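Asks: For reference, the chains in residue letters:
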Amino acid sequence: MRPILIRGGRVIDPARGADGVADVYLQDGKVAGVGRSLGSPDDALTIDASGKVVSPGLIDLHVHLREPGQEDLETVASGSMAAAAGGFSAVCAMPNTDPVTDNQAAVGFIVSQAQRAGKARVYPIGAISLGQKGQQLAEFGELVGAGAVAVSDDGKPVVSSHLMRTALEYARTFGIPVADHCEDPTLSAGGAMHEGIISTRLGLKGVPSAAEEIMVARDILLAEHTGGHVHLCHMSTRGSVELIRRAKENGIRVTAEACPHHFTLTHEQCEGYNTNAKMNPPLREPEDREAIRQGLGDGTIDAICTDHAPHHYDAKEREFDDAPNGIIGLETAFGLAVTELVGTGVLSLCDLINRMSTAPARIFNLPGGSLAPGAPADVTISDPAAEWTVDPARFFSRSRNTPFGGRRLTGRAELTIVRGQVVYRREGDA
Amino acid sequence: MTAASLGKDLVGLEPLSAEQIQLILDTAEPFKEVSERAIKKVPALRGKTIVNLFFEASTRTLISFEFAEKRLSADTVNVAAAGSSVSKGETLVDTAKNLEAMRIDMVVIRHGASGAAQFLGQRIRSNVINAGDGKHEHPTQGLLDMLTLRDRFGRIKGLKIAICGDILHSRVARSNIWGLTKLGAEVGVCGPASLLPRHVEELGVTILPRIEDAIQWADALNVLRLQLERMETGFLPSLREYNRVFGVTSDRVAKAPKELLILHPGPMNRGVEIDSDVADGPHSVILPQVTNGVAVRMAVLYLLAGGAPDWASDGEGQR
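In order, the protein sequences belong to chains A and C.
Numbering of the first sequence is given in the working numbering, commencing with residue 1445 and proceeding in unit increments.
Numbering of the second sequence is given in the working numbering, commencing with residue 152 and proceeding in unit increments.
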């Protein structure tokens, strides 16, 4: 494997609190050194990163890669390529595949598909319950043995508090978090968007914020009761942020993530029955968006994730009630985060890299998130000042369902290195 | 010469200006007379083809539209979702494109999904008229309610209209709220809090917690049909209790401080939201509403087809 010398970039490594111009030397799949004017062997690939930011590779804790089962929407290969193009060196794949990723063979299949693709790393998340049916616990030990890094029934809430309790207890044996999609289905049933003035006007059934917050509160109580680690997926409401803030003050083992669409858009995006604004949890109110930003700013929300959810264009080309939930996000997340969070002063660039790399690695106990010597050679080179326009036709993802087409963004990944190999280099880059 | 045309589609009253609503109501006036003739036909839409595409069951609205179309000399086809390609899983966009390919001029659509009429209108060149989409709007019902109010009071501006019942699930309520407030009426909504939509007051309406409040306050009550399945879905305990607490009964109406007009979009649940002696009583304009429905729909069809508003101007101001 050819060593890589990244010269002259602004190296940001939140794990060590480092932010300054330096060279980064990668050898044998690991970070071999970070410093000024590093020498390198003649065979090293030299990358000029002057004017760019060199950081640990971004890590997305929450994607849907649709394989196995819906390979026309996305595959492990296309999704991990889209990830690399978005600056992600690793993604965590949710288990709501068909069949469900609830056994070691299914986990092993995703691991091997990711190895074959050779792009971003893909860490499977196993199901909490067999078939995500919310009844019988899946074999966490076998799942972890095959490569799963967490368990979740994402896409479906864990309705039974008993099941959630036992999952949190049992997961402690393996040191993995239980990631929950917080939604009280009796409150959200039939809902197509956030319950508020827009849903009233459009005549669409709303999902109240309380549907999320009830489960956030429950999960926090169960985490406290069991001592287990609960990770709360795609937080969307101001009430959730407040509950998590208080739980963290009380020392409860709770971590949380939020998505770019929830810190960028509001329910007004649903006007005109725009199905690319339909997602679960739904886009909320301006006060919720502000609370998510504040939560990311003060660390109440640990990580930024995409909830990348590919759908076929004609699945979204229908009545709002019948359109599926979700948008893709891997190729817009970094630009949205820089534009909406760094550009507005909510986060410094170093804090942003923390929320998108170092913190996610810590939460799911993944390699990466650091440029310390010996860390995996997973590196993202980005240009936080690059201005560009989102063009879904140029996505590497197989799907195009995004509300951000045509949006002007600042900040873009230029080059992504995984395991010491360049897996993405933006076309036209010098 | 003021009012603009209606545009291509009528998907709701929310996007219309006061002038456009006024134009429809004024255009409806001369069409009332057509239905009183021995030969109930004018040639305004001769040669136009119209599809009545009804994905939900309807008797009154479908017949009313069909009469309106036929009295304007249009050629009409009724498509019910059951037994059509829709029941074989065809998507709305495919249905729309197939209709388009048959070169039809107008589609009247009723659909269970909010936004379906707008969706269709954005995808075909034909005019689209919303005959009720989910819980969103039922604009021609709102218009016929307003025409009936204008007939009786001679104006809309300044009237106090209380819409009573299941506001949450009602497209009739939404169209009435938009249309009436745009024309300067005060609108109140009255019903169990479990059937009032969130932040409804931001639409510019007053919340009247009890039916007695509505009767004290209003010049007219528009009493909505209570969907019987609301009990099963946990919004209400029972029909009996609904009638006891929110029913428009003759005892309650008798306490009105002024003469109270009673509207109902039908079909009625007698003895639930409205008692028979009120529905059949002197305050009721429920059947005149139905008569006006044909005239209003003729006006909408005529205007969307490009008819000149002046043609109808001889009816203006004759109320």
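Treat the hints as calculated values from the structure; they're not laboratory data.
A few of these clues could be false.
[As the list claims (entries may be wrong)] FRET-style restraints, in silico, Cβ to Cβ: (1) F386(C) / T1833(A): 52 to 58 Å; (2) K191(C) / D1542(A): 54 to 60 Å; (3) E170(C) / H1756(A): 41 to 47 Å; (4) D1766(A) / E363(C): 38 to 44 Å; (5) G240(C) / D1542(A): 15 to 21 Å; (6) P360(C) / G1461(A): 57 to 63 Å; (7) G1789(A) / Q273(C): 57 to 63 Å; (8) D1766(A) / N420(C): 27 to 33 Å; (9) A252(C) / L1489(A): 56 to 62 Å; (10) K221(C) / N1769(A): 39 to 45 Å.
None of these values were measured; they are calculated from a predicted model.
We treat Cβ as the ideally placed atom computed from N, Cα and C, and that holds for glycine.
Asks: Does each hint hold? Answer for all of them.
Replies: Hints and how they fare:
no. : hint                           : in the structure
1   : F386(C) / T1833(A): 52 to 58 Å : violated, 46 Å
2   : K191(C) / D1542(A): 54 to 60 Å : holds, 58 Å
3   : E170(C) / H1756(A): 41 to 47 Å : holds, 43 Å
4   : D1766(A) / E363(C): 38 to 44 Å : holds, 41 Å
5   : G240(C) / D1542(A): 15 to 21 Å : holds, 20 Å
6   : P360(C) / G1461(A): 57 to 63 Å : holds, 58 Å
7   : G1789(A) / Q273(C): 57 to 63 Å : violated, 39 Å
8   : D1766(A) / N420(C): 27 to 33 Å : holds, 29 Å
9   : A252(C) / L1489(A): 56 to 62 Å : holds, 57 Å
10  : K221(C) / N1769(A): 39 to 45 Å : holds, 43 Å
Checked against the numbered hints given earlier, this structure breaks hints 1, 7; the rest are met.
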